[in-house]
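Chain order of the listed sequences is A and B.
Counting from 1, one number per residue, gives the positions in the first sequence under our numbering.
Counting from 1, one number per residue, gives the positions in the second sequence under our numbering.
There could be a bad hint or two in this list.
Not close to chain A: a few residues of chain B, all C-beta gaps over 10 Å, as computed [unchecked claim]:
| hint | residue |
| --- | --- |
| 1 | 12 |
| 2 | 27 |
| 3 | 35 |
| 4 | 69 |
| 5 | 73 |
| 6 | 144 |
For each label pair, taking beta carbons as the anchor points, the in silico distance ranges come out as [said to hold, decoys possible]:
| hint | chain 1 | residue 1 | chain 2 | residue 2 | range |
| --- | --- | --- | --- | --- | --- |
| 7 | B | 25 | A | 123 | 20 to 26 Å |
| 8 | B | 32 | A | 59 | 35 to 41 Å |
| 9 | B | 126 | A | 81 | 33 to 39 Å |
| 10 | B | 81 | A | 73 | 32 to 38 Å |
| 11 | A | 44 | B | 117 | 43 to 49 Å |
| 12 | B | 163 | A | 73 | 26 to 32 Å |
Honestly, the hints are just simulated from the structure, not real lab data.
We treat Cβ as the ideally placed atom computed from N, Cα and C, and that holds for glycine.
2 protein chains.
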Amino acid sequence: MNTASTNIQTSSVLTSADLLAHWQGHRALTRRVIEAFPEKEFFEYSVGGMRPFAGMVQELLAIAVPGIRQVAKGSTEELDEHLDQSKTKADILRLWDEATEDINKYWAQIPDERFSDSIVTFGLYEGTVWSSIFYFIDNEIHHRAQAYVFLRSLGIEPPYFWER
Amino acid sequence: MNTASTNIQTSSVLTSADLLAHWQGHRALTRRVIEAFPEKEFFEYSVGGMRPFAGMVQELLAIAVPGIRQVAKGSTEELDEHLDQSKTKADILRLWDEATEDINKYWAQIPDERFSDSIVTFGLYEGTVWSSIFYFIDNEIHHRAQAYVFLRSLGIEPPYFWER
């Protein structure tokens, strides 16, 4: 993001640009997992009484852009997991791609020193900016992995976890 | 880890100590997921033809300490997922706790500037040190989430994802 400052902090664990690329790599994999589901099963199938993957993806969409907008703007955002009334996989994939662009846009507005700030995401969850962003990513990995089990139990080979 | 240097890099996304605490928080949750399984189901139960959770935990144990030892020592490590012949959950939990201590020990030997180095973990996987460590963590989140589905399909309530 900021080449001048990343050159100075040679001992940073990772840079802001690294973290964005890491998240977008995970998001690209999640997109392929959405694509791997048949239309009907994406919205209806689950194991063990859990939500279908479509419900989890709605949660991921509700978190990602509003969450990063709050980081970038200092705005107050509400967590509304029922925002999206789309009813086809193609609609969800379109929203996913719009979110990809929005994340990039808001990320570019986050100064490096912002990551250690305290934040209460969605007015509910206390942490630092970095720990909140990791929560967004980890929560995505968590629900996507559950979708891997749904796909396996449908007899569908999921995308490789290590391909981003 | 190194207070003097972390004070200087105020614009680091997160510090080495932050990343260790993040990983160990995830590892504490994974430990509770292991505990949540009945003895027999831990070793035998799965969904969709996947490995039982015990097999996944053996993989996590095979990666964590050898992986971080390679980062700390520059040693060449082999990935041996069949290292452990333990056959009870209590044995696995003991190995898990030993790994917790070993990770802390090796982590303290990692200089901050090491995280951006290139590395080929287990002689196989190319990346940077930070991306390799994130792979270790992300892979743990991924497999643990699959165990959440196994537990749900057994009618067992898993630990809360957000409690570390």
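(request) Against the structure, test the hints numbered earlier, and report the numbers of the ones violated in rising order. (result) 1, 6, 8 and 10
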